[in-house]
Amino acid sequence: MSILSIRFLAFLAVLLLIYYLSPVRWRWVVLLFANIIFYLSAGVKNAGFLAVTTVTAWGGARLVEQINEKYKELRKLCSTKEEKQENRTSCVKQKKKVMTVILFFNLGLWILMKYFLKASPLGISFYTFIAMGYCIDVYRGKYPAEKNLCRFFVFLAFFPQMLQGPFSRYDRMKDDLFTGHPFSSDRLGEGALRMLWGFFKKMVVAEKLGCVTASIYAGGDTSGGIYVLVLLIVPTLQLYADFSGYMDIVCGVSRMFGICLQENFRQPFFARSIEEKWRRWHITLGDWFKDYIFYPISMGKWAQDLGRKCRKKMKPAIARMVPSYISFLVVWTVTGFWHGSALHFLIWGWLNLIIIAGSMQLAPFYAKMRERFHIKEESKGFILFQMIRTMLLVGMMSIFSDAPSASAAFSICASLFTKFNWGLIKYPLLLLPGLEGWEIAAVGLGLILMLIVDIIKEKGYEIYSVLRKIPMPVRYLGYAFLFYFVILIGNTGADLTGGFLYAQF
Amino acid sequence: MRSFKKIILMAAALIIAEAFFSFCLEPVTYTYYLDRDLEKIKSSGKEPDIVLVGDSRIYRTFVPEILDERLGEGGHLTVNTGTGSQTIQSSYFYLKDLLERYSAEYVVVELSYDCFLKKEQASALGNWMIFDRIRSPENKISYMVQSMKPSEWPYALKSYRYRSYFPDIFSNIRMKLNADTRAGVDVREDEHYADRGFVWTKAIYEDGGMGLPPSEPVQWNDDKIDPTSFEWLDKIRELCSRENVQLILVTGPVSLATIYAVENYEDSYECFADYAEQYGLPYFELNLLKGRRQLLPDSLMRDSGHVCGTGAEVVSGIFCDILNAWLKGEDTSEWFYRSVAEMKRDIGEVVACDFHTEAIENSSDRIMIAQSAQEEGQEAEYEFWICPDLEDGKWVLLQAYSNQSTCLIPGEYFLKDVSLRVNARLSGSEKLWEAYMERVREAGA
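Respectively, the protein sequence lines represent chains A and B.
Those letters in the first sequence? Residues 3 to 507, per the numbering used here, in order.
Those letters in the second sequence? Residues 10 to 454, per the numbering used here, in order.
If you're looking for bench data, these hints aren't it; they were derived computationally from the structure.
Predicted model, so just to flag it, every value in this text is computed and none were measured.
Worth double-checking, as some hints may not be accurate.
When the alpha-carbon atoms are kept at most 30 angstroms apart in a straight line, the in silico BS3-like pairs for lysine-lysine are as follows [what the hints assert, rightly or not]:
id	chain 1	residue 1	chain 2	residue 2
1	B	15	A	459
2	B	425	B	55
3	A	471	B	15
4	A	459	B	14
Could you put the whole structure together from the sequences, leaning on the hints where they help?
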């Protein structure tokens, strides 16, 4: 059931009615059935994989907790320090065993389905990682394991987040999910508005820009040369409108139920460096890799040993960097691999690494340059330059993630210098193939609206409170026009070029 | 109370947005002009007494003014409410609404053979035009629920229905604000709304040059008949009987080539004639008019399925004469051929021809392939011509009349734009009549 379909909206309407008519303490059960219906609508086979992940992750975490409890009991019986230490080592060993089996099983299942059988069940890249994060948190003792399998299923398979995230954390969500909330028309309205905004971003902006990207990648006259410059901008804007549009829809849906999902975007085009961009773009994925891969590697025992060994053979400044860069390399390789097993995804990951590492290394040089040319780091002009530079770098890297293969990505980049169609610059409309003039105007209007919203958010204002300052009739007229833009201009039903871009991962 | 105020405000905002977008997107259709005419009639205190319903063959064929003057003793007031691809079901609902508004004396319903066949997809736009024209909310809802699938219901919003008209938004607005349009005058040249639903179109063809129908016509056979169409026709009949209105069934003229292309056209005629006979209704199949080829030559056609404006005047006049004869109780069967076969026998000519060219493998030469429409069992002969220099305009005979339907054209002719022509006549015919087709073929096309 696509969340862009009328069916989904009908499902949501019925669900909201049942949810708010049910007693508060039983509302999570309504969500449980909603998850089951939503996932079964994608096929029983898909549901089977979700069930396996749910049961193994829940069972694994429970087992870890039982081991903890058992050793806590045993600890009381230990009289000497040595005995306590032995008891602790034995506990950690057992927990590690359980964790290793659970993590390798789920990771293996994910790799098998996604990369070998090429038959990814719906949302497997998201729920597998959410489940693994939960298990690791329980293993680390961050919070106790959930005792009730059904409640754990409500968290893991929460239907709005199941297809493309965000990568939620159990401790942040559990209260929202299980406490139940009284009905609030304000919250319902705000959720609906956020959904509408998401539909606008996806169906009007992303879908139309997708026609341009598809036309350029399709080859022929509308590819290569000057069109590579278009590829530096359009696909990134498309992906942002697509993915953040999806996030707005699912956050809006969740808000209607009184559930607050973690934000996945924080105005990424205001980032002044690639590193900052990753703190603003797909935030929950970045946090996941940071918490469960980067920190364990860079702060682990082996990293400290490696640092010590390096210090003996290298200059201290370089020796300090080795463990960090190895951790970076692992993280970016895994990030590339998470997006796809093809070489071009790995190259995309490594390009991110090279630019981030290069920026870190060149930071003193940049500082000197700024000093020499009397550039104030916080001047508006310089900030704008950094933002545009970051956006173009992101666009350049996106060629490697979007192109069908690594060689295709390289030949697209090379065509910038080999295909001489620069005369087209005189005809800007021709640079956006696949769109008619009025569609370009509609997309332009959409992008301006998105920019205004992002500026308001970047300045630290809460968007709903800003909207509330506008007189009610004007505001409602604005909502009505936004709704009409979506149904009239947006690609709907059969016109949709496909699902959401991130769903493919 | 606060929530109620919010709901009211939101509903008002949505209505304003709908009005704005439908004004911008909805093109000026014939419905706009017809509505104005009906308002004028209403304000003059008169009531239409002749109502015509049906598909595009109705609104392009019957001139209300002619019917007003020439039917019976004259003094009638006719409205032509045909719409493109109107189904019998739509006709029923529309007629029901019209008869609630007017106490008509005669209702003319068009029986197009293709309106009675099962359709993969009905023309949504045509059906929704009827929805717009129906006035009573009760009839509107009943029509929508019974005729449209729930997935089509969003089309009730004009803005949504015409959302593909975004590129024409400025020309739509310009046209709506145009003084002539606001005065109810359609200033479009080649085709325009004339009066009380009748649409006038320019003649396009010369006699003999209309060619075969551009696409394969839907064939009539028992498997393809939609049984519900006859149920809706029954309802129309019952409605007219209830309202004490004389129902007249008619089939508007299509091109002769179309009749020849529909293999079982005879069956469709017999089916409608039997229906009319069973219920004692008058039925006039205007395609079977005696002397049809001379009365309605290709030069009176707009395309293969409709007559042009002048053709409409001719047909309307003939139709009035036939109706007058019928009203007087005369036998009108003498006006018509008894069957399609009889008509074909009487015509005894190639009624239309066409051609296309095909490339020859490993050669720059092309082959010209001719087709024609004539009575089954008869053979046509063809003559092939080329005009190698369009400026000069001189024709060169490629192949004289023969039974060969193909002709080789040397590749050298296709280096620039050329004009090609095929003439066709019946083998051994001594008649002067020729069908022809002429087209320009662009170099390199």
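Which hint numbers does the structure go against, in order from smallest to largest?
2
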